[in-house]
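Enquirer: What follows is the residue order along each chain.
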Amino acid sequence: MKELMNLETNPPPGIRIRSEDCDAFNEWLVDLKGAENTLYEGEEFQLLFKFNGRYPFDSPEVTFTGSNIPCHPHIYTNGHICLSILTDDWSPALTVESVCLSIVSMLSSCKEKKSPPDNSLYVMKAGKNPKKTRWWYHDDNV
Amino acid sequence: MEGDKTLATSASTKAVEEESLAALNMDEAILSQRRGIEEQIASEQQYLVSSTRELSELERDYQHHGEFSARIQELKLIYGCLRRTRADGNCFYRAFGFSVFEALRKNKAAYQAFRKSITEAKEYLVIIGYPTFTLEDFYENFIEELDKVCDGEGCPISQLEELFNDKGMSNYLVVFLRLITSSQLQKEQDFFINFIDGYSTVKEFCSQEIEPMDKESDHVQMNALTSATGVCMRVFCMERGQYSTVTFPSDGKPIIHLLYRPGHFDILYPSADATADSPTL
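Going down the list, the protein sequences come from chains A and B.
Take 1 as the starting number for the first sequence in full-length UniProt numbering and just add one per residue.
Take 1 as the starting number for the second sequence in full-length UniProt numbering and just add one per residue.
Warning: the hint list may mix true and false statements.
List time: in silico DSBU-like cross-link candidates among lysine-lysine, alpha-carbon distance up to 30 Å [what the hints assert, rightly or not]:
| hint | chain 1 | residue 1 | chain 2 | residue 2 |
| --- | --- | --- | --- | --- |
| 1 | A | Lys131 | B | Lys203 |
| 2 | A | Lys132 | B | Lys203 |
| 3 | B | Lys167 | A | Lys50 |
| 4 | B | Lys148 | A | Lys2 |
| 5 | A | Lys2 | B | Lys167 |
| 6 | A | Lys33 | B | Lys203 |
| 7 | B | Lys215 | A | Lys132 |
| 8 | B | Lys203 | A | Lys111 |
| 9 | B | Lys215 | A | Lys131 |
| 10 | B | Lys167 | A | Lys132 |
| 11 | B | Lys116 | A | Lys2 |
| 12 | A | Lys2 | B | Lys203 |
| 13 | A | Lys50 | B | Lys215 |
No wet-lab data here; the hints were simulated from the structure.
Here chain B stands alone, though its shape is the one from the complex (with noise of 0.2 Å):
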């Protein structure tokens, strides 16, 4: 009988060791594949936010879904033209910044009220402790980019374009707008704790969905990085049913528009002033 029971052990051991290996080898072609879609991607996007495009060029990605087209032409009424962003999970953030600062470098008053905002913003941080040596790292160079455009006349779109595509720099930008978003998520952290789903505390919240890279965003996020800069964005949202527009803060004239399609946002161009370089403001 002693002898029965020790096999039976040592048999569900091995199955048991089967299993983690068979687990750890998995690990490595998850990971392995999780890097052929971020290289799939960048091949195919080779911008991070590329030149504007037309709005039709939105059909071809909905070939086969007719649904999608009605969709299109009401976008059509009040939109003129597009700037696609990379889907690497930090368009929103991307978005953002590039159509902040191109209505900002034509718009003096908005630009010092931002810049204002964002330096409180990065204080709250440093007084719930965040590193200051990262983050102030973050902020200068935040703030050193947004003065270059700002500057004078504002810098020439081109300036913008190169800018928010040379990687690193573009990265350094997102990283800080994530900051930004933290620091309000914590500070209204009673208000936002209740549009938070499977985590315990904001806190939590915001250290594995929004201050690590590549994190999407949605809803909680829109809310807190405009509440946090003051910056009034319409997000023109294009599902299956039907379309919804949607104001951040809902009672404000917005400077920026986005286009959300569930998962991914890109920069939008109103038609009554559809050239990229003067947006409406």
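This is chain A alone, in the form it adopts within the complex (with noise of 0.2 Å):
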């Protein structure tokens, strides 16, 4: 994939993508840093990328994965992240470095670490796969 090689020749600061561990046709592991200066400076986060075969057309599915899940307000504890890039607003322009520094942006302008108001009954029904749920997206400043 033209896309794997792009990614680890020249990565954005703060994104590093596993690629031994990395099966280039259906799932990827990035290592992304907390941006200076924010909330999440100095924590490491892992996201797992899973690609269908309709990708680029469909969005891949992404969650954080690994020991620190981020707690923001728009991060479920199990790794699920409410982003509509990730699902509604995709697009086949986007690339894994884009919805990386999304993510990225979206944990540096948080103001306050907390969960999301309905996490425990989320991560208890919800399924596997984030992008069963439909989501709603309805607050564009955190």
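With the hints as a guide, bring the two chains together.
Expert: See the structure below:
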């Protein structure tokens, strides 16, 4: 996959693709660093990208994984992320890099670390695949 | 008193939880219904772009709507036949792409001009910071197919039909036409912002209504895509009251013709030269 090689050779700051753990066609692991001067400075996170056969027409399934899931009003403790470009507003012109940058920016604009208000219920009931949830996107400021 | 209050709180929490649970189950139901509709459309319309059809076929669509049969008679005065496109939300871009490729393959000057405008539209997206990686990929693919179609004497119509009915290839072309539309809207945002409802910026409108697949089109998209590409297009709008035709730009000589019915676009061929292989240019 051309996109994988591109991200390996020119990664944006704070983003590193773990190519040793990537299955080029189905699943990628990406390391993400919290940006400087934000609540997440110094923290490291891991994102799991899963691609289906319809990519890039269909969005990848993106979740936080590993031991450190960021505490954020749009990120559930099971790793699911409420971000419109991951479902309804996905465009084939977007890339893994642009998804990572959107997530870093979402973290960076956060003013208070807290879980989503309906976290416990959602985590209990939601399936494995976040794309099976119809998300309501209501807050563009966080 | 304390006790009563606790009871009341937990009861209302329970109601909220039940409501959210019901909402989660409903999500699944709505998503599966949406998939069901897509599958049904795909099984009824095997094509993405059909072969040429008689206009009288439209009469069957409107058997129980008398007022439309008058519209169809009016349509027959101007047009000879049509091609249907699948109603998957991409019909405008697919109809536009097919008919432009068909018109350009026998018209070298228009082909070169079109090639130049889409390259400029792509360059504008690079300037405003679109990921070049994917953009160049869609652009190169589009140019490659366009060149193949317009090479020499122009490819046979069957090759064009094959190209636009191969789902992967066809959608790749649709993505690029969506990007061109987005480019034009953003370049002329001071103008287009006046015609956009429910969005505070043109950029936001583009990322939610233009760039994602399967999102339907209307007047704004028609205006943007034709002005970005310099293609003159006439649209026959068939609605309940009476028909109207709109030409983009209004003083141009149309090289492609589309039929618009609320929410859907098909391709039309003028009757003066009604065979699909040589539409009037």
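Enquirer: Are there hints from earlier that the structure breaks, and if so, what are their numbers?
Expert: As far as the earlier hints go, not one is violated by this structure.
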